[in-house]
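Each chain, written out:
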Amino acid sequence: MDKFDLDAPHSTGTTIIGVTYNGGVVLGADSRTSTGVYVANRVSDKITKLTDNVYLCRSGSAADTQIVSDYVRYFLHQHTIQLGQPATVKVAASLVRLLSYNNKDMLQAGLIVGGWDKYNGGKIYGVPLGGTIIEQPFAIGGSGSSYLYGFFDQAWKEGMTKGEAEQLVVKAVSLAIARDGASGGVVRTVIINEEGVTRNFYPGDQLPLWHEELEPQNSLLDIWVAAATGPEPMSM
Amino acid sequence: MSSIGTGYDLSVTTFSPDGRVFQIEYAAKAVDNSGTVVAIRCKDGVVMGVEKLILSKMMLPGSNRRIHSVHRHAGMAIAGLAADGRQIVARAKGEATSYESTYGETIPVKELAERVASYVHLCTLYWWLRPFGCGVIVGGYDREGPQLYMIEPSGISYRYFGAAIGKGKQAAKTEIEKLKLSEMSCREGIIEVAKIIYKLHDEAKDKAFELELSWVCDESNRQHQKVPDELLVEAKNAATAALEEMDAD
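Those protein sequence lines, which keep their order, are chains A and B. Per the numbering used here, the first sequence starts with residue 1, numbered consecutively. Per the numbering used here, the second sequence starts with residue 237, numbered consecutively.
Chain B extracted, bound-state conformation (with noise of 0.2 Å):
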């Protein structure tokens, strides 16, 4: 999976003799390292899930969040370096008002996503500046409805309708695709995401995490906010379940 780039990964401005821009992909490798972020699209909006590693028993819960809102209609989870991903909010938030102050209206999903990449590849362009080591995803309720955007560290930008970063994303991507989206809504979205967060959470490798989920929907009045405690305990129940029920078999 890994190749060397000798001499050809030193700089963000250097292509490899076979195309490739070393330095955006080791930017991806600090991504991969991160605790998995889950998005999904259900009919009547977005539901967002990180798996937050704790680094130290000292911590308080709640602290060292993952998840942020960027406006009231869109948020954002980041995966990878938490100070880059501090910056990339900074910058969209910022983008948000700056659009509302000039055209009087909420910026919809997919111009905030675009900026925000654009944002993200301008700092793949200099010698003296390094690429952001964070990948995000934009979950957002507009008037097209609702949107899932995920920015990669090298700038691109694409919709999804179900899209996960960092260790456990292939798992998560698999079991994203079992789901049918179309007929699921939040309610349901919130259980199925924290399952499969707790899922594909490695218990060897990695000790102890705590689930942190958001959704933006109809029942939200479509602002981005954190899902309400008794929901997410719910959904806490239901993936422990789900997880016995498999160790079970």
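Next up, chain A with everything else stripped away, as it sits in the complex (with noise of 0.2 Å):
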């Protein structure tokens, strides 16, 4: 029988998802933080403010990514107040590249960068592993990511409307949750456009059920309450 590695380093197994729309970005994530097999987090917010205006989504070593976005927080915000105004997405994005490439060697970061500025409206901007940067209109990561890419391939479309991606975004982390074991918990999503940003929030039991997915089970006591008039009381 397989003993918990309790010391194993804590890693956003995870599902992250950016797409743009017509107008802004929808980012979407999962919540489970795994430490081996046990699930250090089941409610663990993985789409990080960097400005007002961008967003991260976190895989990889919760550690690494999380140390990661705090100092591009901390030079975006020096380039705030140097330029005087918002910084652009594109800068974000190329911040967050700098340091994943630098520190290639010690880093495990899947990063993607999501914002909207007023110069090139909603931007996607994936940072895989090395520390390449690519804008893309749509970008995946973390080991849910692999149950996505034909899903993506046929759902994907050009120029849909906030409604349409954010449902995009929950289908698809909903399926990846169903068949990738380190991703799981809520559905978080977070919706930027020049009006601004909205978080919204999807429990596990509103999820949608896939191929042979069994209903989610209550507990025991709510099953008897509702078959008879009450919990039967313990006999000695």
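Be careful, since some hints might not be right.
Have a look at the derived ranges for each label pair, beta carbon to beta carbon [to be verified]:
#1 W364(B) <-> I67(A): 37 to 43 Å
#2 G150(A) <-> D454(B): 42 to 48 Å
#3 K265(B) <-> Q78(A): 52 to 58 Å
Hints listed in this document are in silico derivations from the structure and should not be mistaken for laboratory results. By construction, the Cβ of each residue, glycine as well, lies at the ideal position given by its N, Cα and C atoms.
Grab the two chains, each in its own frame, and use the hints to assemble them into the complex.
Written out as structure tokens, the structure reads:
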């Protein structure tokens, strides 16, 4: 019987997604942080704010991605003061890339930078493991993303509305959660556009069930209550 | 106009009793003795022109450039000590490329001007460094539109719609103020700058001069470059004609 390795590094097994739509971007992620097979945090927030208009989806080592996002937030803050206006998404992604590339030997961080600025509108930049930077209409990352490549090839289209884009993201994350053991919990989304930022939350039991998935099992107590007038008292 | 510093002007790290740093003012005098540099910001770009005084008949035309490209989208015109100017241009080029390496975007003109001004100012803070003996005009076109900045030897940098440094700067500024820059295109601007430079060139004091013109505008695809030869010839002709007309009056 395998022992749980509670000293294994915290990893965000993860599914992360960033999608552009007509007017902005939608970022989505699951909420499972695993330490080996133990779920250290089942409600983690993997979508981190860098500036008011740029957010970061984190996958890989939790510690590495947190440090990188802290540094980038700091540099971006200074840059904003110097420039006198909000930084562009491209600048944020460039800074993330520099850290990721220059420390590639030590870091394990798969990142997606997404946001909105007034010059270029909604933009998504993928910064995967080696520290390359690539601007994409949509990006997927994390262990759960392996199961989504075919799905996006079929379901992605240019110029979606905000509602369509968010639905696509939620559906995709929930599909990945169904198949990837290292992804699970709730689905969090962040929508960024000219008007601002909206955070949404989709609890696990509200997500659609896919092929062969079972209904969520509520506690036995609730089942007894529903079936009879009350729980049977214990008899001695 | 000039006042003697007597004793308080020996070092750039000494203030005079009336709060002036004389070394910086003397550096500015070096700029005032150089050929005029005129720059204007038109509605679609920036035009810069230099009255390049020719010191020797044996110099090849086109050599000893006073206007340099700092990056694709920005250029600099120098007045004052040429060697000092070369240093500033080199620094500006370095700043522009380093910004792009870090942030992944072309350096905004405002940021470039501030960094160069910071560097010029740095050289006024230490006794073992002398201030730069040159003034610099930065003209560039970024996502905020065309912009013009002037940096003095003191390290001050302001944004202008029209600027002039060098011998004929007072006369040049008067002429610039007469222009309606917000309605002018760069094509027209080239002619106006040429006319101004020809007008304020002092035939008696300085002999020959060569006109150097550059622009960065929509027509040049927002790249900083020498004004195309045909337009340069056109500008020179228009300027000479305007001078003759004036002399004829």
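(message) Against the range 42 to 48 Å, how does the distance between the Cβ atoms of G150(A) and D454(B) compare: consistent or not?
(response) Check passed, 46 Å falls within 42 to 48 Å.
(message) Holds or violated: the 52 to 58 Å window for the beta-carbon distance between K265(B) and Q78(A)?
(response) Taking Cβ atoms as reference, K265(B) and Q78(A) lie about 38 Å apart, which means the hint is violated.
(message) Quick check on a hinted range of 37 to 43 Å for W364(B) and I67(A), using CB atoms only.
(response) Given about 41 Å between the Cβ atoms, the range holds.
Hint compliance for this structure: hint 3 is the single one not met.
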